[in-house]
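Novice: The task is simple: from the sequences and hints, build the whole structure.
Numbering that gives the first Met the number 0 applies: residue 0 is where the sequence shown begins, and numbers increase by one.
These are calculated hints, taken from the structure and not from any lab test.
Source: prediction; values computed, not measured.
The reader is advised that the hints may include incorrect statements.
Stated by the list, open to error - Straight-line Cα separation of at most 27 angstroms, BS3-like style, residue types lysine-lysine; simulated pairs:
id, residue 1, residue 2
1, Lys204, Lys217
2, Lys119, Lys217
3, Lys119, Lys62
4, Lys22, Lys119
5, Lys22, Lys217
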Amino acid sequence: MSGHSKWSSIKHKKGAADAKRGKLFSKLARAIIVAAREGGPDPAANLALQNAIEKARSYSMPKENIERAIARGSGAGTDSEAFEQIVYEGYGPSGIAVIVEALTDNRNRTASDIRHVFTKNEGNLGTVEEVSWQFERRGIILVDADHFEEDSVMLAAAEGGADDVIQDGSSFQVTTSPESLSSVREALEQAGIEIESAETTMVPKTTVELSDEAAARKTLRLIDALEELDDVSEVYANFDIPERLLEAVAS
Numbered sequence: 000m001s002g003h004s005k006w007s008s009i010k011h012k013k014g015a016a017d018a019k020r021g022k023l024f025s026k027l028a029r030a031i032i033v034a035a036r037e038g039g040p041d042p043a044a045n046l047a048l049q050n051a052i053e054k055a056r057s058y059s060m061p062k063e064n065i066e067r068a069i070a071r072g073s074g075a076g077t078d079s080e081a082f083e084q085i086v087y088e089g090y091g092p093s094g095i096a097v098i099v100e101a102l103t104d105n106r107n108r109t110a111s112d113i114r115h116v117f118t119k120n121e122g123n124l125g126t127v128e129e130v131s132w133q134f135e136r137r138g139i140i141l142v143d144a145d146h147f148e149e150d151s152v153m154l155a156a157a158e159g160g161a162d163d164v165i166q167d168g169s170s171f172q173v174t175t176s177p178e179s180l181s182s183v184r185e186a187l188e189q190a191g192i193e194i195e196s197a198e199t200t201m202v203p204k205t206t207v208e209l210s211d212e213a214a215a216r217k218t219l220r221l222i223d224a225l226e227e228l229d230d231v232s233e234v235y236a237n238f239d240i241p242e243r244l245l246e247a248v249a250s
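Specialist: Rendered as structure tokens:
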């Protein structure tokens, strides 16, 4: 999972840049709207909303934006009722497994766009549950390992109910159940530990190592192209890129 979490960290930095353009905030708000609509406006009683808020906070989404999205989702606004969540599964270059979560108001458009991206990037869109068995949903929190001591991170994480803490390159990766993500984040913050990112994700049970630079670039082109689609909220894949290649192919 090493390459997976390193790539997650790089994606988070790229996402921060996207947020400045407003595109990412739009996607984060859409996720909050749908979660609030389906489970109610109280994060304490709505795990999906709680996790959507945690992710929005990780990207420094303003509190008023979050509150406005919750209000839109729980109110009578017609825009909140237009979206539905759809999951697509398939394979990318080198046989990597890919899961795409979308929030859309037009199934046909979204399916066509996603299929086109897979085909253009040497992938194949599959059927429901074709690859999801290769993943499990977990909460992942990343902490900068250059600025915080491992012992302090491990202690605070344990107090919050985390399952594991490992160092992966320049980050500590804190793993939790989806239900414990918020409490672990709160415990870390109360201990004075700054969070790089906190979100629920689909963690691969096993990974495909991409040790060839050409294969790595093809894979990242597919992932980037999927993430650029307006209707796509999340993309998960089971690739692992060795550290010696990661910075080169991600630049």
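Novice: Hint by hint, note whether the structure agrees.
Specialist: To see whether the hints hold, each was checked on the structure:
1. Lys204 to Lys217: holds, 22 angstroms
2. Lys119 to Lys217: Roughly 11 angstroms between the alpha carbons, so the hint for Lys119 and Lys217 holds.
3. Lys119 to Lys62: Violated, at roughly 39 angstroms.
4. Lys22 to Lys119: With a Cα-Cα distance of about 23 angstroms, the restraint between Lys22 and Lys119 holds, given a limit of 27 angstroms.
5. Lys22 to Lys217: holds, 24 angstroms
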